[in-house]
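Protein chains: 2
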Amino acid sequence: MNLITGELEKKTIEPEEIKNHIGEIIKIHGSIYKIRKMSDFSFVLLRTKRDVLQCIFTPETAEFKEEELREESCVIVTAKVIEEKRSKTGYDLQMMGLQVLSLPKEGSPIVINNKLVDTSMENLLNYRPVTLRNEKQRAIFKLQEGICIGFRKFLAKENFTEIHTPKIVQAGAEGGANIFSLDYFGKEAYLAQSPQFYKQMMVGVFERVFEIAPVFRAEKHDTSRHLNEYTSVDFEMGYVESFRDIMQMETKMLQSAFAYLKEEYQKEMELLKVKLPQADAIPEIKFRDAKEKIAAEYGRTIKDYDDFEPEEEKLLCEYMQKETGSEFVFVTHYPSKKRPFYAMESREDASETESFDLLFRGLEVTTGGQRIHSYEEQVKKMEKRGMNTALFESYLLMHKYGMPPHGGLGLGLERFTSRLLLQDNVRFSTLFPRDINRVTP
Amino acid sequence: MNLITGELEKKTIEPEEIKNHIGEIIKIHGSIYKIRKMSDFSFVLLRTKRDVLQCIFTPETAEFKEEELREESCVIVTAKVIEEKRSKTGYDLQMMGLQVLSLPKEGSPIVINNKLVDTSMENLLNYRPVTLRNEKQRAIFKLQEGICIGFRKFLAKENFTEIHTPKIVQAGAEGGANIFSLDYFGKEAYLAQSPQFYKQMMVGVFERVFEIAPVFRAEKHDTSRHLNEYTSVDFEMGYVESFRDIMQMETKMLQSAFAYLKEEYQKEMELLKVKLPQADAIPEIKFRDAKEKIAAEYGRTIKDYDDFEPEEEKLLCEYMQKETGSEFVFVTHYPSKKRPFYAMESREDASETESFDLLFRGLEVTTGGQRIHSYEEQVKKMEKRGMNTALFESYLLMHKYGMPPHGGLGLGLERFTSRLLLQDNVRFSTLFPRDINRVTP
Chain A
27 MNLITGELEK KTIEPEEIKN HIGEIIKIHG SIYKIRKMSD FSFVLLRTKR
77 DVLQCIFTPE TAEFKEEELR EESCVIVTAK VIEEKRSKTG YDLQMMGLQV
127 LSLPKEGSPI VINNKLVDTS MENLLNYRPV TLRNEKQRAI FKLQEGICIG
177 FRKFLAKENF TEIHTPKIVQ AGAEGGANIF SLDYFGKEAY LAQSPQFYKQ
227 MMVGVFERVF EIAPVFRAEK HDTSRHLNEY TSVDFEMGYV ESFRDIMQME
277 TKMLQSAFAY LKEEYQKEME LLKVKLPQAD AIPEIKFRDA KEKIAAEYGR
327 TIKDYDDFEP EEEKLLCEYM QKETGSEFVF VTHYPSKKRP FYAMESREDA
377 SETESFDLLF RGLEVTTGGQ RIHSYEEQVK KMEKRGMNTA LFESYLLMHK
427 YGMPPHGGLG LGLERFTSRL LLQDNVRFST LFPRDINRVT P
Chain B
27 MNLITGELEK KTIEPEEIKN HIGEIIKIHG SIYKIRKMSD FSFVLLRTKR
77 DVLQCIFTPE TAEFKEEELR EESCVIVTAK VIEEKRSKTG YDLQMMGLQV
127 LSLPKEGSPI VINNKLVDTS MENLLNYRPV TLRNEKQRAI FKLQEGICIG
177 FRKFLAKENF TEIHTPKIVQ AGAEGGANIF SLDYFGKEAY LAQSPQFYKQ
227 MMVGVFERVF EIAPVFRAEK HDTSRHLNEY TSVDFEMGYV ESFRDIMQME
277 TKMLQSAFAY LKEEYQKEME LLKVKLPQAD AIPEIKFRDA KEKIAAEYGR
327 TIKDYDDFEP EEEKLLCEYM QKETGSEFVF VTHYPSKKRP FYAMESREDA
377 SETESFDLLF RGLEVTTGGQ RIHSYEEQVK KMEKRGMNTA LFESYLLMHK
427 YGMPPHGGLG LGLERFTSRL LLQDNVRFST LFPRDINRVT P
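Chains as they are written, first to last, in this note's numbering: chain A, 27 to 467; chain B, 27 to 467.
Hints were generated in silico from the structure; no laboratory data involved.
Watch out, some of these pointers could steer you wrong.
As the list makes no split between identical chains, a pair holds if one copy fits it or if it spans any two.
For lysine-lysine, the following DSSO-like pairs were computed, each having C-alpha atoms within a straight-line distance of at most 27 Å [claimed, not checked]:
no. : residue 1 : residue 2
1   : K288      : K179
2   : K340      : K329
3   : K288      : K183
4   : K293      : K348
5   : K53       : K63
6   : K36       : K278
7   : K63       : K111
8   : K312      : K36
9   : K183      : K36
10  : K45       : K114
11  : K131      : K319
12  : K329      : K348
13  : K278      : K106
14  : K278      : K183
15  : K183      : K53
16  : K111      : K183
17  : K293      : K106
18  : K410      : K364
19  : K179      : K45
20  : K131      : K410
The following block holds chain A by itself, in its conformation from the complex (with noise of 0.2 Å):
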């Protein structure tokens, strides 16, 4: 009987292995990425797992035609490493010996091998198995991994559990228009808005729990910055003081993962030019402040006390950085009629909340805030906005049976990831975007 043991045999070495083969022969694997014809020899690029490896074929040296080389064919190759001290990798690949893995049907309709794809957005969304394939565009993605894990690991080591939560809910959802529906074997469920509910309930056992997960948001807004389907970074914690610790939390999260970035991707940081912010010190200021400061220092009039407009947002990030540096800012107490039921309310003004945003280079990218734990609390509002707590009971089982003092936020991951690289679109930084336009790939 066979027995799998979990010994991979290894017939190629991995990019990173190869300086310490110079002078040696070695194999390795790959996508033929690009060609570049010279006089005498050839440029091919080698699209490894996150390299692009350069390789250099001259008919002399190689024991192959150099016909047989195609852009997006998979192969090995055999190669002799050769020091080059001109060379950013410190080796040149003499390619020797050529395995073909698979050939591509036919050449990509859109050039992916250059710096940039050179195309329209709906091109390159809708060619998105290709258009990924390029150097840059995949390195968004390898990036927003590292913001990933940075995340995650600065949570761990704060003592955050990672949580599963249900995506199909039903009653007892945020509700409100934005809302996908399906049918649940003949019953009318919902897919979640936020984990909200869920990650308030895990409070009540793990104390700080995490989750980063999609979320679903049935907005029929088609701009820049919205999306139907994201990845939402959502942590929730117990024993706050008040909402500025949830503020500090995360402040020291996005240090803890710029840190992380800078150690363990800078390729990918160098490759897209990104400039890392400051998050040492995030200023913060209240919402109300932030309208009028807005409306003095621009000379705009208030059209709408209760919310902001993206214009807004923009001028006073653009505001805040002149005036403090940061790139950043929270926008503290919103008005509570703007935020959810389950919202604190401020003790000395009932119409502001325990909540804040926190802005990014002009966007909002979290939104984050204390939440009610008092049961008798949490009905009494439920009740003045009218709803019907019996829809409620599951959400209300922990208030009832002890909660304590919490709060938490939820941070759009393709937002952020797109606010770090000064996107002009939101899309650019989702893999497989979803809006009311789109649902493929």
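Please build the complex by placing chain B on the supplied structure of chain A, with the hints as guidance.
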């Protein structure tokens, strides 16, 4: 202007720090889990993030009255750390002061602070926000976190890139009756049954990718092993020589995750009396041979030559453990007609696929295999199945423009956890289960 610098003021210490404060007075926060009255003192158990700490209340040393102690209230305890060799922790916590942060409205209708929550599964699940506060109940999900982290650490080390793929999908889904549909702005869309297509596409980009995320199956089964939403651990890798490379990778992943649990989750494993299985050598057996072996060994007649009955999976595991000592078994070469259209058929016998399932203690926990990477081969197979290839245009882009030989697997996190814990229902390892009768809490 107030600046948030990421400094979290700590008024209490962490449980793991207590041992460094023998003889000192400390403050610690938590929820009062249980009060056990003895003749002239009381044990007061405090539930913290991961531990249940034993405090001692004596009227002589406490500055508060015993009546102020209430189960499931959230408190800050001031206590003297007294060395106590007979205690597991090496110390006792002598209660001095008490600050009550919150009180439950009433006591839980289900007793949650005994060793076991003595109630029906129905009740256990209906009262999840409360029953999960039980020490053993929550340990299940702490351990599940450990499994996830173990997998992730391993996959990162093996250079897999973590991705986030969409859960709302349209044309090109695997189809069948077991799919939830929803109205997506007037178009029909579906909930992804797996990240299959997307992870394959991403193999063309990063060579190795993984995702841990929810998947949705509209199966009408009401069994102890089916869920309609579960957490799938998916990986997919390029440049494989055969589907055995994937079995090797999974075996290595299991070994690595178990080693990680041993290191970091001893606490929960002791509490739950977990016996980690051996994964150093997992036997493989062909599907057809397995069917025949079970029939012969247990005197059964084969009713269905194309599929296992649940009883057969159990018997096969029993038999293989007897023969080899392994609690795992890879079953290979499943019939083509029972595998999806992207499964690679065996060169020797097209009625079989280059695929496998991993059975663990009587239950299938993983499905995997090699996929078709050639465009022509994939189109031919789809046409043979009468599928409309036009609906799969974006899926087929990757094949058309070049893909390496590749394969991967999906592992059900909740099933895996429940087999590890030898539970007789997968719902016990699901935080908030979704089944044909349950969408709450």
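Quick rundown of the hints versus the structure:
1. K288 <-> K179: both (14 Å within a copy, 20 Å between copies)
2. K340 <-> K329: within (16 Å within a copy, 68 Å between copies)
3. K288 <-> K183: both (19 Å within a copy, 18 Å between copies)
4. K293 <-> K348: neither (30 Å within a copy, 51 Å between copies)
5. K53 <-> K63: within (23 Å within a copy, 71 Å between copies)
6. K36 <-> K278: Cα proximity of K36 and K278: across copies only (14 Å, versus 41 Å in one copy).
7. K63 <-> K111: Classified as within; 22 Å inside a copy, 77 Å across copies.
8. K312 <-> K36: between (58 Å within a copy, 25 Å between copies)
9. K183 <-> K36: Close across copies (15 Å), not inside one copy (35 Å); limit 27 Å.
10. K45 <-> K114: within (11 Å within a copy, 51 Å between copies)
11. K131 <-> K319: neither (60 Å within a copy, 43 Å between copies)
12. K329 <-> K348: Within one copy only: 24 Å inside a chain, 76 Å across chains, cut-off 27 Å.
13. K278 <-> K106: Neither. Shortest intra-copy (47 Å) and inter-copy (31 Å) distances fail the 27 Å Cα cut-off.
14. K278 <-> K183: The answer is both: 12 Å in one copy and 26 Å across copies each meet 27 Å.
15. K183 <-> K53: Only across copies: K183 and K53 sit 21 Å apart there, 40 Å inside one copy, limit 27 Å.
16. K111 <-> K183: Classified as neither; 41 Å inside a copy, 29 Å across copies.
17. K293 <-> K106: within (25 Å within a copy, 51 Å between copies)
18. K410 <-> K364: within (15 Å within a copy, 56 Å between copies)
19. K179 <-> K45: between (30 Å within a copy, 25 Å between copies)
20. K131 <-> K410: Result: close only across copies, 20 Å inter versus 64 Å intra.
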